[in-house]
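**Student:** Given the structure of chain A, go ahead and fit chain B onto it with the hints provided.
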Amino acid sequence: MFFPISNTHIDPIYLAVVGFVIGILGGFFGVGGSFIAGPALRLMGVDWNYAVGTDLAHIVGKSIVAARQHRTLGNVDLKLGLFMAFGTIGGAEAGAQLIQALKRAGNVNTVVSWVAIVVYFSISIFMLWESQKTLRLDKKRRSRRKNADVKKDQSAFGHVTKKIQRLKLWPMIDLPTSGIRQISVWIILLVSFVGGFFSGFLGGGAGYIRMPSMVYVLGIPTHLAVGTDLFEIVISASYGTLTHAIKGNVDILIALVMHTGAVIGAQIGVVATQYFAGPKIRLAFVPLPLIGVAIVIYTLVSGHKF
Amino acid sequence: MNKVGAKSLRVFAIELVIYGAFVTAYVLLVLHLLDKWLYRLETQHRVTYAIVALLLIVGQAVFLDALTTLLFRFLRRFWR
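Chains as they are written, first to last, in our numbering: chain A, 1 to 306; chain B, 1 to 80.
Here chain A stands alone, though its shape is the one from the complex (with noise of 0.2 Å):
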């Protein structure tokens, strides 16, 4: 089918079953799953730009769906969400910036490839380390409590996130749903910008970023790191179409074929997330953003299109 938008033949079938498998990959680790989305999209011969604008409106509908499902779940900390907005949509502006530049330059295709993979690689390899660590580490403690709580969450980073939540740069606010006592709201703001500077650069709701500094950096546990984390991305998405849009990069109708299969994925991705502890899911996440590397690596050495 050609969708003359992006100027491209994309069988539509195809962008369905992209989109239910990160459909079912957000509503279990609140993740936008841009990593396949942009890598896939780009494999059928869209151009980074469209893909990482296209993979943004994609994203509002269903992170939509999946926000309100985890927010019935008890997994949203609303106030949390709100705060991080305002850092991501200066970060998304920043990151769609730099799209522009790159797009004026005439590389971005390269540019935006060779950082998808450093970036992908290396939060694979990060979140294998600590969920392997902490997993040994609950290992060796319910050894010792012979009735330790199987769900409860664990992080190998604990001792350095307790440090950023001790930094006092005022001001600094409490964080109730997350059982945070005081954290400054500069720290909120600047992970929250790096995950918008990912969302407008590279696509999608940047949830492989934000998601684990939300885990590792501000120490919320990882259920409501994933539910507050989609509720941001709608906030944040919506702007990222909105401001890629009018530059000219958002083929809306590949947008509304990928979202028909992300809808049922994402029902069973959030009901699957009931069934295991943290650490668990962050070592199901480490293989995802390695077949988005392997994807761009593919385009990048094959002349990028099938």
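Quick caveat, the hints were computed from the structure, so don't treat them as lab data. Wrong hints could be hidden among the right ones.
Which residues of chain B face chain A? A few of them, derived with a C-beta cut under 7 Å, are [unchecked claim]:
1. 32
2. 33
3. 55
4. 61
5. 65
Ideal Cβ positions, reconstructed from N, Cα and C, are used throughout, including at glycine.
**Tutor:** Coordinates of chain B only, in the frame set by chain A:
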């Protein structure tokens, strides 16, 4: 697999088939009706296109979520 699990899986499989049929018809209709208009909008009125694009994806999300919820409820009741 226990009885409840098997039943949930069956309901989900049926939901997937019905949803797939609905969505195929919907997508073909939407793409057929909107593609030329959206293309014109994208090339000539970018700001309007941006707003329409956002409204379309949000509207579709709400519509499809309502559709899947209704389908799931109906099938659960039907198989009880």
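**Student:** The structure should be examined with respect to each hint, and the outcome stated for every one.
**Tutor:** Now the hints, each set against the structure:
1. 32: violated, 11 Å
2. 33: Check failed: Cβ of residue 33 of chain B comes no nearer than 11 Å to chain A, outside 7 Å.
3. 55: violated, 10 Å
4. 61: Because about 4 Å separates residue 61 of chain B from the closest Cβ in chain A, which is inside the 7 Å limit, the hint holds.
5. 65: Since the shortest Cβ distance to chain A is 5 Å, the answer is holds.
This entry does not satisfy hints 1, 2, 3, going by the numbered hints stated previously.
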